[in-house]
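Enquirer: Mapping the sequence shown onto the UniProt record's numbering, position 99 (from 1) lands on 99, and the numbers just tick up by one.
Everything labelled a hint here was simulated from the structure, so no lab data went into it.
In this text, a Cβ means the ideal position worked out from N, Cα and C, and glycines have one as well.
Hints may be right or wrong, so weigh each one.
Simulated restraints, written as ranges between beta carbons of each label pair [unchecked claim]:
{"hint": "1", "residue 1": "141", "residue 2": "96", "range": "33 to 41 Å"}
{"hint": "2", "residue 1": "176", "residue 2": "89", "range": "39 to 47 Å"}
{"hint": "3", "residue 1": "29", "residue 2": "95", "range": "16 to 24 Å"}
{"hint": "4", "residue 1": "177", "residue 2": "88", "range": "23 to 31 Å"}
{"hint": "5", "residue 1": "128", "residue 2": "61", "range": "17 to 25 Å"}
{"hint": "6", "residue 1": "41", "residue 2": "176", "range": "29 to 37 Å"}
{"hint": "7", "residue 1": "190", "residue 2": "61", "range": "37 to 45 Å"}
{"hint": "8", "residue 1": "24", "residue 2": "107", "range": "29 to 37 Å"}
{"hint": "9", "residue 1": "80", "residue 2": "144", "range": "42 to 50 Å"}
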Amino acid sequence: MAKRSRSPSCNTADPFAIEEVAPTPSIGSLCGHHVLVPLDPGSELDCIRRQRCFGSEVESPLSKWIFSLEEALFLQSELSILSICDASGMVLSVQDFFGQCCAVVPRFSWRFAAYRHYRLAGWVVRPDSLKFGADFLLYDGAPSEVHARYAVLLGDQQLLWKEAIMASRLAQLVAKELLVVFQPEEGETTLESTCSRRILALTVRPWQHHLGS
1 MAKRSRSPSC NTADPFAIEE VAPTPSIGSL CGHHVLVPLD PGSELDCIRR
51 QRCFGSEVES PLSKWIFSLE EALFLQSELS ILSICDASGM VLSVQDFFGQ
101 CCAVVPRFSW RFAAYRHYRL AGWVVRPDSL KFGADFLLYD GAPSEVHARY
151 AVLLGDQQLL WKEAIMASRL AQLVAKELLV VFQPEEGETT LESTCSRRIL
201 ALTVRPWQHH LGS
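Make a model of the complete structure from these sequences and hints.
Expert: Put into structure tokens, the structure is as follows:
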């Protein structure tokens, strides 16, 4: 995602300059495969959540926002607007939260690498898409306003093409095309190495018969 270029800093201090204050992160609780955050309308998290379509809102009786682990880690590590506590109430560092995610979700580092890649590329990435035969759905806008452009399937060396074809057929119900993202060779599993992974993806499209056939 393109970032705004900043003007070169001036050597002379500006007496009228307004000091930027970092936003106060919202506090969430790790609960299994999700992070729950009490509703806080008007907060920095609320604004970003609405603008960039993160998570979902559950009203009574929970009255909380629910984020997937990928979403929560992105909000914590990339945007610094979410802090996460474990079951004991202790605030987890980014590295500790990443480690706990890897402990409960198989191949989480790879999932987050793909999620982060497409989020930074400007896509709205929706997880929890297994019912559509995909790991993620990519939207070029708000999911409530546009259809998914791609369904993302995380494949490895054991992936059979018949599985990709089946996923492609399911994907056509909710998206235009299927992206198969291949898992890189296993290496060091740290957040730093995860964020530096190169993403290789192939587009799978249904065969279109020639008009003359």
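Enquirer: Each hint: holds or not?
Expert: Here's how the hints hold up against the structure:
The hint said 33 to 41 Å for the Cβ distance between residue 141 and residue 96, and at roughly 34 Å that hint holds. In this structure the supplied range 39 to 47 Å holds for residue 176 paired with residue 89, their Cβ-Cβ distance being about 44 Å. Our hint of 16 to 24 Å for residue 29 and residue 95 holds, since their Cβ atoms are close to 18 Å apart. Checked against the given bound of 23 to 31 Å, the beta carbons of residue 177 and residue 88, roughly 44 Å apart, lie outside it.
For residue 128 and residue 61, the Cβ-Cβ distance of about 21 Å falls inside the hinted range of 17 to 25 Å, so the restraint holds. At roughly 35 Å, the beta-carbon separation of residue 41 and residue 176 lies within the given 29 to 37 Å, and the hint holds. The hinted range of 37 to 45 Å is satisfied by residue 190 and residue 61, whose Cβ atoms lie roughly 38 Å apart. The hinted range of 29 to 37 Å is satisfied by residue 24 and residue 107, whose Cβ atoms lie roughly 33 Å apart.
Judged by the Cβ atoms, the range 42 to 50 Å given for residue 80 and residue 144 is violated: they are separated by roughly 27 Å.
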